[in-house]
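**Student:** Each chain, letter by letter, is given below.
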Amino acid sequence: MNTHQTNFVRTSMLEQSTPPVLEKGYIAWIRKNLMATPMDAVLTIIAILILAWTLPPMIKWLFIDASWTGGGRGVCATAAQGGSQPEGWSGACWAFVGAKFDQFLFGRYPIEERWRPALVGILFVALLVPMLIPKIPLKGLNAILLFGALPILSFFLLIGGMFGLPYVETPLWGGLMVTLILSFVGIAVSLPLGIALALGRRSTMPVIRLICTVFIEIVRGIPLITVLFMASVMLPLFLPQGMTVDKFLRAVIGVSLFASAYMAEVVRGGLQAIPKGQAEGAESLGLSFWQKMRLIILPQALKLVIPGIVNTFIGLFKDTSLVSIIGMFDLLGIVRQNFSDANWASPVTPLSGLVFAGFTFWLFCFGMSRYSGFMERRLDKGHKR
Amino acid sequence: MTIDATIPPGKDKPTGSILNDPKVRGIIYQAVTLILLIVFVYWVVMNTSENLKRANIASGYGFLNGRAGFDVGQSLIAYSSDSTYGRALVVGFLNTILVAGAGIVTATIIGFLVGIGRLSKNWLIAKLSMVYVEVFRNIPPLLVIFFWYSGVLAVLPQPRESVALPLDMYINNRGLAFPRPVFDTGAQFTFYALAIAVIASIFFARYARKRQMETGQRLPVLWTVLGMLIGLPLLTFLATGSPISFDVPVAGKFNLTGGSVVGPEFLSLFLALSFYTASFIAEIVRAGIRGVSYGQSEAAHALGIRSGLTTRLVVVPQAMRIIIPPLTSQYLNLTKNSSLAIAIGYADLVAVGGTILNQTGQAVEIVSIWIIVYLTLSLSTSLLMNWFNAKMALVER
Numbered sequence: 001m002n003t004h005q006t007n008f009v010r011t012s013m014l015e016q017s018t019p020p021v022l023e024k025g026y027i028a029w030i031r032k033n034l035m036a037t038p039m040d041a042v043l044t045i046i047a048i049l050i051l052a053w054t055l056p057p058m059i060k061w062l063f064i065d066a067s068w069t070g071g072g073r074g075v076c077a078t079a080a081q082g083g084s085q086p087e088g089w090s091g092a093c094w095a096f097v098g099a100k101f102d103q104f105l106f107g108r109y110p111i112e113e114r115w116r117p118a119l120v121g122i123l124f125v126a127l128l129v130p131m132l133i134p135k136i137p138l139k140g141l142n143a144i145l146l147f148g149a150l151p152i153l154s155f156f157l158l159i160g161g162m163f164g165l166p167y168v169e170t171p172l173w174g175g176l177m178v179t180l181i182l183s184f185v186g187i188a189v190s191l192p193l194g195i196a197l198a199l200g201r202r203s204t205m206p207v208i209r210l211i212c213t214v215f216i217e218i219v220r221g222i223p224l225i226t227v228l229f230m231a232s233v234m235l236p237l238f239l240p241q242g243m244t245v246d247k248f249l250r251a252v253i254g255v256s257l258f259a260s261a262y263m264a265e266v267v268r269g270g271l272q273a274i275p276k277g278q279a280e281g282a283e284s285l286g287l288s289f290w291q292k293m294r295l296i297i298l299p300q301a302l303k304l305v306i307p308g309i310v311n312t313f314i315g316l317f318k319d320t321s322l323v324s325i326i327g328m329f330d331l332l333g334i335v336r337q338n339f340s341d342a343n344w345a346s347p348v349t350p351l352s353g354l355v356f357a358g359f360t361f362w363l364f365c366f367g368m369s370r371y372s373g374f375m376e377r378r379l380d381k382g383h384k385r
Numbered sequence: 001m002t003i004d005a006t007i008p009p010g011k012d013k014p015t016g017s018i019l020n021d022p023k024v025r026g027i028i029y030q031a032v033t034l035i036l037l038i039v040f041v042y043w044v045v046m047n048t049s050e051n052l053k054r055a056n057i058a059s060g061y062g063f064l065n066g067r068a069g070f071d072v073g074q075s076l077i078a079y080s081s082d083s084t085y086g087r088a089l090v091v092g093f094l095n096t097i098l099v100a101g102a103g104i105v106t107a108t109i110i111g112f113l114v115g116i117g118r119l120s121k122n123w124l125i126a127k128l129s130m131v132y133v134e135v136f137r138n139i140p141p142l143l144v145i146f147f148w149y150s151g152v153l154a155v156l157p158q159p160r161e162s163v164a165l166p167l168d169m170y171i172n173n174r175g176l177a178f179p180r181p182v183f184d185t186g187a188q189f190t191f192y193a194l195a196i197a198v199i200a201s202i203f204f205a206r207y208a209r210k211r212q213m214e215t216g217q218r219l220p221v222l223w224t225v226l227g228m229l230i231g232l233p234l235l236t237f238l239a240t241g242s243p244i245s246f247d248v249p250v251a252g253k254f255n256l257t258g259g260s261v262v263g264p265e266f267l268s269l270f271l272a273l274s275f276y277t278a279s280f281i282a283e284i285v286r287a288g289i290r291g292v293s294y295g296q297s298e299a300a301h302a303l304g305i306r307s308g309l310t311t312r313l314v315v316v317p318q319a320m321r322i323i324i325p326p327l328t329s330q331y332l333n334l335t336k337n338s339s340l341a342i343a344i345g346y347a348d349l350v351a352v353g354g355t356i357l358n359q360t361g362q363a364v365e366i367v368s369i370w371i372i373v374y375l376t377l378s379l380s381t382s383l384l385m386n387w388f389n390a391k392m393a394l395v396e397r
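From first to last, the protein sequence lines are chains C and S.
Residue numbering for the first sequence follows the numbering used here, beginning at 1 and increasing consecutively.
Residue numbering for the second sequence follows the numbering used here, beginning at 1 and increasing consecutively.
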């Protein structure tokens with residue numbers, strides 16, 4: 001008698017059953033991410049209530065009720081305020097932003113000369129974008145053009161007074177242009193100065209160390225506005241009679257010095273994180289101090305503190321808004337100045353202008369922080385195992 | 001010249017030039033720096049004194065005794081335009097401390113809530129917190145101040161159409177009116193009782209801990225302390241015949257009467273600083289909690305410690321070690337950012353100083369007072385921080 005074939009091998013595949021409803025799909029996602037515990041459910045409901053309470057009025061104010069076109073305050077004021085909108089209306093006045101857009105970009109720069117800052121802006125973007133994309137070659141040349149040629153060219157283009165370009169004095173500069181110039185110069189000055197201060201603070205020479213430490217601690221201990229006041233009120237006192245420094249330049253000096261003290265502390269953090277063996281190894285190879293720093297220590301230290309450096313840049317970019325307090329018209333300053341324009345004054349103009357300025361600042365800062373995150377991940381490879 | 005480099009200098013007999021000795025070079029560098037610095041400072045001082053002489057400005061702090069002649073919007077101490085410049089600066093300093101203190105409390109509360117929210121397993125809460133942080137971290141604080149000042153508070157209705165808020169508060173374009181406590185005779189006993197309760201609570205908590213260390217028995221510390229802190233002042237309050245009442249603002253025909261009012265300057269500065277700094281505190285809190293390795297909670301669970309106790313006894317103490325140093329520097333940043341008050345006319349130290357500077361031209365003195373005050377604040381905070389760090393640092397071998 002044959003033994004029974006006890007094992008069984010299935011020849012056809014079973015029909016795949018659908019996953020349990022509670023384990024897959026959006027219901028499961030909601031259960032897991034929004035309603036995991038009773039407490040979670042309560043929090044979700046609170047969050048939804050907050051959203052329902054804030055989001056629709058916000059969207060309504062920003063987009064639906066907003067007045068997009070118009071030539072004067074009439075489109076942004078209710079009938080009682082002397083406008084054409086119905087009673088109780090409130091919405092963003094984008095017509096105001098649109099009408100003043102050129103001013104927000106260039107300030108009081110003469111209209112027929114505005115192609116000059118625009119050209120500088122285009123050149124800046126054209127040089128910056130390839131600098132930021134890692135795959136594009138010729139980084140060295142690009143850097144020389146961006147940090148060497150462009151500032152010189154921009155200086156002559158913006159100021160004018162030669163090559164047949166009319167002279168445009170700096171008090172006429174304004175708007176986003178001033179914000180960007182201040183930040184660019186501030187960044188370009190504060191990074192090398194910060195590195196120098198950080199090296200000075202870690203120097204073995206007591207006099208240098210003391211000077212750098214005192215400078216860093218004093219600047220970090222006081223608000224930027226006092227530094228700007230110092231630059232704008234005290235700098236003329238410090239200089240001999242007849243020697244004046246341009247107001248714009250004073251703000252640049254103030255902002256750069258302020259940022260470099262913060263930069264110094266960030267760089268110092270990176271320097272401290274590099275093991276001593278690296279410096280000793282470099283010395284044993286016979287490298288001089290500057291070779292050691294340039295080739296061994298700084299590349300490693302700066303790479304470590306990229307997030308901190310970019311945070312300082314973002315801080316500097318935001319801090320440039322403070323120059324409006326000492327009477328300059330950066331983006332925020334020029335927006336605020338236009339609140340008092342009788343042609344556009346209405347209860348919603350300030351908020352609309354501020355939302356526009358805030359969004360512009362936000363865009364730049366958010367972009368910088370995202371790019372720093374990208375760079376950090378890219379450079380992190382050496383430390384990954 | 002290349003020959004020098006190829007012959008290694010002997011150990012006992014240096015063959016190279018004395019200029020190649022790092023020590024000698026170091027001294028030369030430092031001497032040059034020092035001389036340059038001294039010459040520069042001398043040049044600046046000479047220029048300044050000459051400029052001041054030409055502008056007929058007497059240097060020195062004597063002007064502080066002069067009559068101020070300007071009013072400030074809000075003052076914690078008695079002040080009128082007849083007061084001295086010195087007193088005006090004190091008023092400004094107190095206003096700085098007031099707005100910074102209030103801002104720090106609110107920013108900490110919002111910051112901790114949002115920071116913990118970002119780590120929440122609840123998707124919606126985490127995303128909302130993230131949006132909050134990303135929005136406020138990337139906008140200049142000055143803009144947030146103007147947002148509140150000229151965007152929101154300035155377009156509120158006139159006083160006679162004040163918006164009523166809960167707790168008998170009203171808000172209008174002149175500020176926020178709230179009930180003012182009125183202290184009758186005997187009210188001080190309630191505060192004495194509160195002080196006694198605080199001291200007793202501290203002693204009780206110490207005793208309870210000592211007892212737990214010795215015997216392992218736990219006393220109900222939380223409930224006892226809460227009972228003492230609330231019960232003792234309340235009993236005294238009732239026993240002395242309820243001596244504290246509230247002066248409630250009442251909406252009249254044209255204006256509010258009664259109560260206390262804080263102006264829109266203070267409100268917008270306070271709100272802006274709180275919201276702005278809270279976004280940074282949230283990130284610090286998140287980093288601090290994530291910095292405690294997950295093994296710590298797992299080990300606590302393995303020991304059979306409940307989840308709530310794990311958080312309180314294992315995670316939070318270690319997270320605080322990471323959180324507190326950057327948190328302090330955020331507090332300092334908030335204090336320094338309060339100087340933005342000058343933009344909207346809240347009479348803080350910088351704004352008052354700026355007014356005096358414009359009136360008297362004593363730029364050097366005013367700026368030096370600013371620097372000294374802010375430096376004292378920040379240096380004393382960092383001293384406190386170093387002490388705290390030393391106390392909290394991990395004790396290793």
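Since the hints were made in silico from the structure, they are not lab data.
These figures come from a predicted structure and were not determined experimentally.
All C-beta atoms, glycine included, are put in the ideal place defined by N, C-alpha and C.
A few of these clues could be false.
What the hints assert, rightly or not - Below are the DSS-like pairs computed for lysine-lysine, each with C-alpha atoms no more than 25 Å apart in a straight line:
(1) C:K32 - S:K121
(2) S:K127 - C:K60
(3) C:K100 - C:K60
(4) S:K121 - C:K276
(5) S:K121 - C:K292
Unchecked claim - Pulled a few chain C residues facing chain S out of the computed Cβ check, cut under 10 Å:
(6) L199
(7) T213
(8) P240
(9) L298
(10) Q300
(11) S321
(12) C365
**Student:** With a cut-off of 10 Å on the beta carbons, see whether C:L298 makes it to chain S.
**Tutor:** It is violated, given that the least Cβ distance between C:L298 and chain S is near 20 Å, above 10 Å.
**Student:** Are the Cα atoms of C:K100 and C:K60 separated by 25 Å or less?
**Tutor:** Status holds; Cα separation ~23 Å.
**Student:** Just to be careful: measuring from the Cβ of C:T213 to every Cβ in chain S, is the smallest value less than 10 Å?
**Tutor:** Violated, about 12 Å.
**Student:** Quickly compare the C-alpha distance for S:K121 and C:K276 to 25 Å and report which way the hint goes.
**Tutor:** Violated, at about 42 Å.
**Student:** Holds or violated: S:K121 and C:K292, Cα atoms, limit 25 Å.
**Tutor:** violated (48 Å)
**Student:** Close enough to count: is the Cβ of C:P240 nearer than 10 Å to one in chain S?
**Tutor:** holds (5 Å)
**Student:** Does C:Q300 pass the interface hint, meaning its C-beta sits closer than 10 Å to a C-beta of chain S?
**Tutor:** violated (23 Å)
**Student:** Per the CB criterion, is C:L199 less than 10 Å away from chain S?
**Tutor:** Cβ of C:L199 sits 13 Å from chain S, so the hint is violated.
**Student:** Any CB of chain S closer than 10 Å to the CB of C:C365?
**Tutor:** Holds. Min distance 4 Å.
**Student:** What's the verdict on S:K127 and C:K60, does the C-alpha distance respect the 25 Å limit or exceed it?
**Tutor:** Distance of about 22 Å is within 25 Å: holds.
**Student:** Against chain S, run the beta carbon of C:S321 and see if the smallest gap drops under 10 Å.
**Tutor:** For C:S321, the interface hint holds, since the closest Cβ of chain S sits about 4 Å away, which is under 10 Å.
**Student:** Does the alpha-carbon distance linking C:K32 and S:K121 stay inside the 25 Å limit?
**Tutor:** The hint holds at about 9 Å.
Consistency note: the structure conflicts with the earlier hints numbered 4, 5, 6, 7, 9, 10.
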